[in-house]
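**Student:** Listed below are the residues making up each chain.
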Amino acid sequence: MIELKNVTKKFGSLVAVNDISLRIEPGQFFGFLGPNGAGKTTTIKLLTGLYEPTSGTCLINGHDVHWDPLPAKRSFGYVPDQPYLYDKLTGREFLYFVGGLFNMPSDVVKQKIESLIDVFEIGHFIDKRAEEYSQGMRQRMVLSAALLHDPKVLIIDEPVVGLDPRSARVVKDTLKLKTREGVTIFMSTHLLEIVEELCDRIAIIKDGRIIHEEVQSESRKFDGQLENIFLELTK
Amino acid sequence: MRELLLVLNVKAASFLKQVFRLNWQTFFKNLSSVLIFGGFAVAMFFFSRSVTAYLLEQAHIGQFLFHRFLSMLLYVFFITVNLGNMIVCYATLYRSQEVSFLMSMPISHAKIFLIKFVDNFFYSSSTLALMGFSVLLGYGSYFDLPWYYYFFTVFFVFLPFMLIAGVVAVIVLMALIKVASRIGVRWLLAIITTVYLSVTYVYFRITNPVQLVQEVMKHYPNVNEYFGYLDPPLVQYLPNHWVAEFLYWSVNGNYDRAIPYFSLLFLTMLALVVAAGLIARRFYYESWLAASDARAMSGPKRRGFRLRFMEFGTSALFKPQTDVLLKRDFWLFIREPSQWLHLMLLLLLLMVFLVSVGSLELNLTQPSMQAVAFLVVFLFNGFLVASISLRFVFPAVSLESDSFWSVRASPMSLKKLYWHKFIFSFAPLLLVAEILTIASVSMMRDTPELVAAAAVCSAFVALALTSLNLGAGTYFAVFKEKNPIRVASSQGASLTFLVSMVYLGLVVTILVVPLSRYFESLILRGSSQSAWLFGPTAVIAMLSILVFTLSTTIGLKVIKRDY
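Quick mapping for you: the protein sequence lines, in order, are chains A and B. Quick note: the first sequence uses the numbering used here, first residue 1, plus one each step. Quick note: the second sequence uses the numbering used here, first residue 1, plus one each step.
Just chain A, with the same shape it has in the complex (with noise of 0.2 Å):
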């Protein structure tokens, strides 16, 4: 579960992020839209601890990632807007270095990098230095980075630009595989057909203020009216 309780990020006089609250129930796929500059990179900083909010709270499974971050930082994985990875190591030395830190013993994480290799076909570079990686390499390598410690909860930055289409679609399938073993997931991004096509829940950001929320269910679904909708309100 996912919880921002009243936060606000304040940059000097400039007011990021404007006094959010949001609740995201186990399982469920949330998708935060939103202009450039509305806010969105930087919710999610703050979810994932890379800032500290001015004021409010944000918790992910109940740990409050500011003051109780470990917990917290145990249960999620993490994909950044930008896929930067250390250029002298190879895409298996880092993996090996992200489950370190995550604290698994590296007989697990080689079993668990076997079954990522499949899941996103990176078999043929893994063990290229990541200063030769294209951006779509990169992001695959930093999607599986992600899930290499089966987290409960993925918090994802623009999770498919740069991606070509049949690595996209690896994506999405694997994001929709993860919505229905329970995961929940908090994932930002322009993409509007991915998000009618995936998510269940969407909140629209603007100036650093949630300006719009809705639900796609069976019974109400999108429908391609998500464009107008996000057109209309963020004119």
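Heads up, a few of these hints could be off.
[Said to hold, decoys possible] No more than 25 Å apart at the CA atoms, straight line, and that leaves these computed lysine-lysine pairs for DSS-like:
{"hint": "1", "chain 1": "A", "residue 1": "Lys128", "chain 2": "A", "residue 2": "Lys110"}
{"hint": "2", "chain 1": "B", "residue 1": "Lys482", "chain 2": "A", "residue 2": "Lys88"}
{"hint": "3", "chain 1": "B", "residue 1": "Lys29", "chain 2": "B", "residue 2": "Lys480"}
{"hint": "4", "chain 1": "B", "residue 1": "Lys557", "chain 2": "A", "residue 2": "Lys10"}
{"hint": "5", "chain 1": "B", "residue 1": "Lys482", "chain 2": "A", "residue 2": "Lys128"}
{"hint": "6", "chain 1": "B", "residue 1": "Lys560", "chain 2": "A", "residue 2": "Lys5"}
{"hint": "7", "chain 1": "B", "residue 1": "Lys319", "chain 2": "A", "residue 2": "Lys152"}
{"hint": "8", "chain 1": "A", "residue 1": "Lys128", "chain 2": "B", "residue 2": "Lys480"}
{"hint": "9", "chain 1": "B", "residue 1": "Lys29", "chain 2": "B", "residue 2": "Lys557"}
{"hint": "10", "chain 1": "B", "residue 1": "Lys415", "chain 2": "B", "residue 2": "Lys218"}
{"hint": "11", "chain 1": "A", "residue 1": "Lys88", "chain 2": "B", "residue 2": "Lys319"}
{"hint": "12", "chain 1": "A", "residue 1": "Lys88", "chain 2": "B", "residue 2": "Lys557"}
{"hint": "13", "chain 1": "A", "residue 1": "Lys10", "chain 2": "B", "residue 2": "Lys218"}
{"hint": "14", "chain 1": "A", "residue 1": "Lys235", "chain 2": "A", "residue 2": "Lys221"}
{"hint": "15", "chain 1": "B", "residue 1": "Lys416", "chain 2": "B", "residue 2": "Lys480"}
[To be verified] Which residues of chain B face chain A? A few of them, derived with a C-beta cut under 8 Å, are:
{"hint": "16", "residue": "Ala316"}
{"hint": "17", "residue": "Asp323"}
{"hint": "18", "residue": "Arg328"}
{"hint": "19", "residue": "Asp329"}
{"hint": "20", "residue": "Glu336"}
{"hint": "21", "residue": "Ala373"}
{"hint": "22", "residue": "Ser403"}
{"hint": "23", "residue": "Ser406"}
{"hint": "24", "residue": "Arg408"}
{"hint": "25", "residue": "Ala409"}
{"hint": "26", "residue": "Ser410"}
The set of hints was computed from the structure by calculation and includes no laboratory data. All of these numbers come straight from a predicted model, not from anything done at the bench. Glycine residues also receive a C-beta, built at the ideal position from the N, C-alpha and C atoms.
Keeping the supplied structure of chain A fixed, place chain B upon it in accordance with the hints.
**Tutor:** Chain B in isolation, oriented as in the chain A frame:
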């Protein structure tokens, strides 16, 4: 010309905005920079004036010898500026993202080269320039020179001298990059190191300071005469010699003989700048492509260095978090040539220092001279430890780089990460400091209590310098910068180095009087009074613990800042 001015204007505006940003943090950062750099400049000024006065009035070495020593110092300065520019130029001219962007714009390659060279020259030479100008002011104030002399010398002699060093560096670099694509970077680095060490060795062999002093002193007390016939022919072609000659003749009021040296410097500088522009027009783009290709091809071909127990996925040496951090840091270090190459150079310097101390007769019979000799050796040990700390400990947090998100978003305590960095920096530095101190002090005077006191002091100096560099490196962390050399030569790093020098100055000040008393008791009365060593050791320990506590508190606080 318009696009050149536009890019330079944008860069200047961005620099000014960064410096004059209106917030308290920037204000205090700039204020502390001004205070520390200003204090350092003032200290250099007084040091230079006192040394000039001492050598000319007390030691009576005469103006000719004085300016020849100055020429040798200027040679070291030239090589420092030259190497500094060459190292930083590689990052700015060949690896910077900005160059990739500019290359895609309709701007000529020669102009891109010029923009980046100017950027690089000011970036890598500003601290050295400040040092040089302060020394020049101190020197000039001894001779009571008018204000316009400084103005002229700084802008028309000193700046051209530094520019010659910078331009030569960049010309050599362009040639080397072309060659590197054929013979590989490792071989190239080995060749550069050998060539620079050999040139420096040959220079000091040719100038032969000891023989020069003996020849001049034969004419004592008429040592102020000009003994130009003693200069080996080769040195007359070197810019450091021209600067020294200009200074010699101008302070003696003989401008007719000074002006040719100024003209030579200025014209050489102009000729080299034009030559660099022409070479850049022909070769810069080509060498940039060669460097890009070399980078792109470097990975897949190499099998690389292997060390089974340090490989990921093998049995863990420590708990998983510590184990992977250690292995990551190890491989990032091994796979970055500038890291291990610099380490090898510094270790070579340490060996040269120890061999030099071993070959000198430093077991002196005069207590005050023995104390001075001890302090000089101890200070140099401290200086080496400070340099290693600055180069390797200061960038430690910045080297987390853009990938720091992977640690920040993991269940790894940042406190634990900080202590990990501290322990794995302190342990090797402590080892180096202890080897240096025990070896050099034992070679000087093998008195157990003196060696023990020096070893304890050194341990505390290593503790203070490691914590200072790690704390300051965390405070001034630049995660966007991938090049550790640029991190270690940033404004924050220069500031940290100056604070390290102030700390070492305090350590030496604490030792001066008690050490003189100790050597008096040891040499004159034949009984060593160890009590003279306990007091200063305890004070140094307290000072170092204070530095450690302050630096670590700051480091632990700022590592949690927004990323």
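**Student:** Closer than 8 Å between Cβ atoms is the bar; does Asp323 of chain B clear it against chain A? Give me holds or violated.
**Tutor:** Holds - the Cβ of Asp323 of chain B comes within 8 Å of chain A, reaching about 6 Å at its closest.
**Student:** So if I understand the rule, the pair passes when the alpha-carbon distance is 25 Å or less; does Lys29 of chain B with Lys480 of chain B pass?
**Tutor:** holds, 20 Å
**Student:** May I ask you to test the interface hint for Ser410 of chain B with respect to chain A, counting a Cβ-Cβ separation under 8 Å as satisfied?
**Tutor:** OK, holds: Ser410 of chain B within 8 Å of chain A, min 4 Å.
**Student:** Is the straight-line distance between the alpha-carbon of Lys557 of chain B and that of Lys10 of chain A 25 Å or less?
**Tutor:** Holds, because 19 Å separates the two Cα atoms, which is no more than 25 Å.
**Student:** Answer holds if the nearest beta-carbon of chain A is closer than 8 Å to that of Ala373 of chain B; otherwise answer violated.
**Tutor:** violated, 44 Å
**Student:** For the pair supplied as a hint, Lys88 of chain A and Lys319 of chain B, is the alpha-carbon distance within the 25 Å limit?
**Tutor:** holds, 23 Å
**Student:** Have a go at the Ala316 of chain B hint: is there a Cβ in chain A nearer than 8 Å to its own Cβ?
**Tutor:** Holds, about 6 Å.
**Student:** Going straight from one Cα to the other, do Lys88 of chain A and Lys557 of chain B come out at no more than 25 Å?
**Tutor:** Since the Cα atoms of Lys88 of chain A and Lys557 of chain B sit roughly 29 Å apart, the hinted pair is violated (cutoff 25 Å).
**Student:** Less than 8 Å between beta-carbons is the criterion; does Ala409 of chain B satisfy it with respect to chain A?
**Tutor:** Status holds, d = 4 Å.
**Student:** Minimum Cβ distance from Arg408 of chain B to chain A below 8 Å?
**Tutor:** holds, 5 Å
**Student:** Taking the least C-beta to C-beta distance, is Ser406 of chain B closer than 8 Å to chain A?
**Tutor:** holds, 6 Å
**Student:** Hey, Lys416 of chain B versus Lys480 of chain B, does the alpha-carbon distance stay inside 25 Å?
**Tutor:** The given pair, whose Cα atoms are some 23 Å apart, holds under the 25 Å limit.
Of the numbered hints given earlier, the model fails hints 10, 12, 13, 19, 21; all others are met.
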